[in-house]
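Student: Fit chain B with the ligands to the given chain A structure using the hints.
Chains as they are written, first to last, in the working numbering: chain A, 1313 to 1472; chain B, 346 to 633.
It should be emphasised that the hints constitute simulated quantities derived from the structure, not laboratory data. In this text, all values refer to a predicted model and were calculated from it rather than measured experimentally. Just so you know, not all the hints are guaranteed correct.
Here are a few chain A residues that face chain B, going by a calculated C-beta distance under 7 Å [stated by the list, open to error]:
| hint | residue |
| --- | --- |
| 1 | Gly1333 |
| 2 | Gly1357 |
| 3 | Gln1412 |
| 4 | Gly1414 |
Think of the CB as a built atom: it goes at the ideal place given N, C-alpha and C, for glycine as much as any other residue.
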Amino acid sequence: MSSIRVETTINDEPAEFLCSGPDTLLTALRDTLGLTGTKEGCSTGDCGACSVLLDGRLVPACLVLAAEVQGRTVTTVEGIAARDALHPVQQAFLEGAALQCGICTPGFIVAAKALLDANPDPTEQEARYWLAGNLCRCTGYDKIIRAVLDAAAEMRKVTA
Amino acid sequence: MQAIRYEAPGTVDEAVRLMQADPGARVLAGGTDLLVQFRSGVRQPTAFIDVKRIPELVDITIDDQGLRLGAATPGAAICEHDELRRRWPGLAESVALIGSTQIQGRGSVGGNMCNASPAADTPCPLIVNRAECLIVGPQGQRTVAAEHFMSGPGQNVLTSGEFLAALVLPLPDALTADAYLRLTPRSEMDIAVVGAAVSVTLDATGVCTAARVALAAVAPTPILVPDAAQALIGTHVDAAALDRAAAAARAAARPIDDKRGTVAYRRQVAGVLTKRAAAIACERARGN
Ligand SMILES: Cc1cc2nc3c(=O)[nH]c(=O)nc-3n(C[C@H](O)[C@H](O)[C@H](O)COP(=O)(O)OP(=O)(O)OC[C@H]3O[C@@H](n4cnc5c(N)ncnc54)[C@H](O)[C@@H]3O)c2cc1C
Ligand code: FES
Ligand code: FES
Chain A
1313 MSSIRVETTI NDEPAEFLCS GPDTLLTALR DTLGLTGTKE GCSTGDCGAC
1363 SVLLDGRLVP ACLVLAAEVQ GRTVTTVEGI AARDALHPVQ QAFLEGAALQ
1413 CGICTPGFIV AAKALLDANP DPTEQEARYW LAGNLCRCTG YDKIIRAVLD
1463 AAAEMRKVTA
Chain B
346 MQAIRYEAPG TVDEAVRLMQ ADPGARVLAG GTDLLVQFRS GVRQPTAFID
396 VKRIPELVDI TIDDQGLRLG AATPGAAICE HDELRRRWPG LAESVALIGS
446 TQIQGRGSVG GNMCNASPAA DTPCPLIVNR AECLIVGPQG QRTVAAEHFM
496 SGPGQNVLTS GEFLAALVLP LPDALTADAY LRLTPRSEMD IAVVGAAVSV
546 TLDATGVCTA ARVALAAVAP TPILVPDAAQ ALIGTHVDAA ALDRAAAAAR
596 AAARPIDDKR GTVAYRRQVA GVLTKRAAAI ACERARGN
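Here chain A stands alone, though its shape is the one from the complex (with noise of 0.2 Å):
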């Protein structure tokens, strides 16, 4: 039962669903509003694959109640690219073939873009530690952590 009518912002855009109280952001995301590159890989907090930013704050999808976002801002990974260009941490994972089956990536890209906001200039154990909560069966993290050093650098770069 549909019940509950949210109005919220989601990735600058104005946005509307309705929703049952347990449904999740997640769930309303992916199967109510077609944002799919949000992914679901454990549902309890453990994988990190479903990262959006809520109100600017790193968050899990799955740990968060659709009627929650009421007046929020939600960013998924639709939201983080500018209208013609990859955002840098995108385009590192692209030139350091970060990812292999992918489905990992768009919670990795949320989680990293939400570290670079905060820390411009990460070391990689701090890189390491606040990725942790991302997991990835298939590369081993060296590329993925790689990857977000080397949009930091060209982050820097832009803005210097």
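Tutor: Frame of chain A, contents of chain B with the ligands only:
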């Protein structure tokens, strides 16, 4: 089947009314325990009462009275608070250990206390810092010391219609500091095999005049260990005093065997962590 409701009250009074009207309702803070338990069928609330729209439940204030930490404040906001981190480094490090960046974006200290896992990370630092739990309910307000809030695994002292509004900590005295350490097999995303929090107060000559020691994951609830504190008080917190504190921690530990550790291992680690956390707290106190 009745639909499960979602309510987002904007005031404490409204939340109390909603809780009182429906005994099956549960408070939703970050949902990092509750929504996992809900989906696995462990908990089936009739309503989620989201308390995060109540301003004082998600607020951090520090004044000459001390710290008032809104129960539903997400861990990330606590870690970002410079003054809180500076005055209560042990509490801040326990929050920073919870789950991942994503989990800290949601999970709260109030939820950590109310969920009452014996291995939870924030109760011990709260206990050593003499935190009071500010509880609101149909009968008004009451406070309970953090060490008395949990009554067993998954159990707390809240009665029907009540919820936790805030944790209230006095300002630390001069030359006082805290520290928290836990042992986990993995450095991130793991649950404590044992946790130890210590707070010490020194005098100008470096003698310990007050101390509190608390242990996690060695008993049905986090425990305060007065004997370990007593071993530090009146000493320069030298090696002999630290050994006596470790022995007291081992003696107070009443752990169980499970997949994370055996009784003997947990008891041993309780001593080691107590000693190390006390040494860190002393080091910090000297700098305060
Ligand atoms: C992947 C993962 C990793 C984790 N790692 C750790 C870890 O390292 N250490 C650790 O200690 N925990 C860990 N946890 C557990 C959890 O994140 C913490 O216990 C967290 O602090 C819970 O807070 P919350 O705000 O999400 O609580 P919720 O899930 O919202 O609530 C927990 C319980 O408390 C009740 N409740 C919440 N707030 C109140 C209130 N104000 N008044 C009355 N009742 C209330 C709820 O009804 C529910 O029963 C982890 C969880 C996950 C999913
Ligand atoms: S799907 Fe949300 S953390 Fe795995
Ligand atoms: S690329 Fe396959 S899980 Fe990360």
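Student: All hints are to be evaluated individually against the structure, with a verdict given for each.
Tutor: Taking the hints in turn, this is what the structure says about them:
Interface hint at glycine 1333/A: satisfied, since its Cβ lies 4 Å from the closest Cβ of chain B, which is below the 7 Å cut-off. Given the 7 Å rule on beta carbons, the hint for glycine 1357/A holds: about 6 Å separates it from the nearest Cβ of chain B. Given the 7 Å rule on beta carbons, the hint for glutamine 1412/A is violated: about 22 Å separates it from the nearest Cβ of chain B. Hint status for glycine 1414/A: violated, given a least beta-carbon distance of 19 Å to chain B, over 7 Å.
Of the numbered hints stated above, those contradicted by the structure are hints 3 and 4, listed in ascending order.
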